[in-house]
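There are 2 protein chains.
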Amino acid sequence: MSSIPKIVILGAGYGGILTAQRLQKELNYNEADVTLVNRHDYHYITTHLHMPAAGTDTVEHARVPISKLIDEFKIDLVKSSVKEIRLQDRKIILEDGTLSYDYLIIGLGGEPETFGIPGMLDHAMTIRSINSVRMIREHIEYQFAMYKNDNKRNRIRFVVGGAGFSGVEFVAELADRIPQLCKEFDVNPKNVHIYNVEAAPSALPGFDPELVEHAMNVLKKKGVTFKIGVPIKQCLPDGVIVGEGEKLDAATVVWTGGIRGNALLEQAGLEVMRGRVKVDEFLRAPGHEHVYVIGDNSLVFNNEGRPYPPTAQIAMQQGVNCAKNVVAAIRKKQPQPFVFTSKGTVASLGKGEAIAVVGGKKYKGWKAAQLKKLVDLRYLFIIGGIPLVLKKGRFFG
Amino acid sequence: MSSIPKIVILGAGYGGILTAQRLQKELNYNEADVTLVNRHDYHYITTHLHMPAAGTDTVEHARVPISKLIDEFKIDLVKSSVKEIRLQDRKIILEDGTLSYDYLIIGLGGEPETFGIPGMLDHAMTIRSINSVRMIREHIEYQFAMYKNDNKRNRIRFVVGGAGFSGVEFVAELADRIPQLCKEFDVNPKNVHIYNVEAAPSALPGFDPELVEHAMNVLKKKGVTFKIGVPIKQCLPDGVIVGEGEKLDAATVVWTGGIRGNALLEQAGLEVMRGRVKVDEFLRAPGHEHVYVIGDNSLVFNNEGRPYPPTAQIAMQQGVNCAKNVVAAIRKKQPQPFVFTSKGTVASLGKGEAIAVVGGKKYKGWKAAQLKKLVDLRYLFIIGGIPLVLKKGRFFG
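These protein sequence lines map, in sequence, to chains A and B. Numbering of the first sequence is given in our numbering, commencing with residue 1 and proceeding in unit increments. Numbering of the second sequence is given in our numbering, commencing with residue 1 and proceeding in unit increments.
Watch out, some of these pointers could steer you wrong.
Where chains are identical, the list cannot tell them apart; a pair therefore holds if satisfied intra-copy or between any two copies.
[As the list claims (entries may be wrong)] Restricting the straight-line Cα-Cα distance to at most 27 Å, the calculated cross-link-like pairs of lysine-lysine (BS3-like) are:
#1 K68 / K183
#2 K391 / K183
#3 K351 / K364
#4 K152 / K79
#5 K278 / K332
#6 K367 / K222
#7 K148 / K68
Hints were generated in silico from the structure; no laboratory data involved. Predicted model, so just to flag it, every value in this text is computed and none were measured.
With the sequences and hints as input, model every part of the structure.
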């Protein structure tokens, strides 16, 4: 190890940004070199992407320049893609260079988990980045434009695969967008069909059943057709095959059914389950005490031995804990075990509607929608303070 | 002929609308039944379509509900597509019904003339209706979105086939739109290429050479690459082959190279040249004294024996003349020969730029751009008076 330890953070998502910000705050002058590597020069707010994907909000409300979030005098920002993680050499191979590290924090984004459904990777779109959601939005608009020229019914039929949080939040925005699109393109709304297909026996698996029922009723009223307990067997360029062979026509298929870890971790020789590394209590990769894994790539179990789902909430808490533990390691202090504290769950159901469980209490309708907004604003406040809240916050509508 | 003659007008373009409006004004109560047939319930302003096609203006500035333009107490409006014109039976077969007539005015829109260039009909888009321009706009935006996901360079390369008025006006708007799209999708403008390809030895064939040069300089400065005197040999899904075999990569090809008459006229047994009927001096189809052909489907020759190009200007004048002649025929009066009077020519070159020849005088730059706006406003005034000018007129920008 050199006299000044080098810390490299891969990915400026929820986990990576929180780690970087906390390190920036905790570390003394010349105590360590910190480099944050990210493919884009902006951080995006994944929990907000369902809106620009449907076109109900602009992407600019869902991203922030990283330079506004970190102090570039204290942290070096490298805009590049990671090609390889060489644990033995303590080196990161970038698209256009290399970096060596003493401490590594892997906060890279996950990848879509399609469970081997044939055609899904080829023909479905996923909500996972600014670029991908702009594509979904444009794809949907293009289908409306094409429908007015070729009259093919699959142009205005939509399948959302997965009725977990991402699926339900997106399908709600899509249902809100359809009337606008119908007006803009002179399409009869009665001809538009939106299917939300979920293999599990319930939508929003694991969520309070009363709220799930409320959510489904809200979405049905917005025109969504649910296919629950119905697996997608195959994804085609013009639709999906579900259940016992029924074909749902749809030129637009959006897959929200799952996330797995980034392939780079397995390629680095780390032991993974669905691409994720089961980290130790200090968030370190087993056998690599200088390598921390947070966010979508880390696997943390609760007291009942079940893994926490990958959420923004857990990634943020991991970022804070990880920064503390790296600083402790540099100072040769004791690290702190990571303990996840749930602050509750909120799912938006489009304009003015949401469901939430916070502090053991259930919320729905307008109140839950306000809670959703509070969660969003709180996050903006955490990473960027009042100026960011004022700049990116959505207070109305 | 029944006691009250039935007049059927096919198409509510420039010619059809002007005919309908003049008939409505000229005819006395119960002198004739007039029916206007149109595929859409709106009239569109073809000379304005290059803007919504590029996305520099909304389609709403380019269309007007037909019900605002005609008096539905005096004229019946039938929203339907014409499937067949049966001249012997004096019947029109519509998609969903039939109409019989005593006098027929064929003002249907033309079709793209691709001169048999292989692949052009399949892979190129054309600027010819509200539906087609919405598709072009969405196609372009979709390519930008896709480029950010697959990085294929043809996504942000554009070929406009034809550098006549339509081609040049569209290419200018496209060049104006590119910087906005680059900003919205985080694309480096340097990577975008726009080609305007013309087989003839000059852009804007037949126009004043000094103004043509000015136009080309304006467009080159906006980033357009001209290929003049270079024929397109083939159109592919991902570009065009030009000249001696050079491939121009482009996921977007817009063909503006020509218009031919509507295929329904030839199918009706009328003698046509490039789908157009060489009408007599009263705008009637030869051998069918109750059938008038105006606009894109009519062929009228000037004193030098050369056909007038199909323009909004000639279609409007034909509409006025045609209405007079139909009224004269009903009243057993002498018809008036059609004489085209050129009011000049204006071509817009995007924001703040245009070229014009009016009354033998040349104009360019800001002055010509104002002339272009005046022409647009004058048309709105002719068909809809002050209220339409205020509602649809573009006075600024």
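If you test the structure against every hint from before, which numbers come out violated? none
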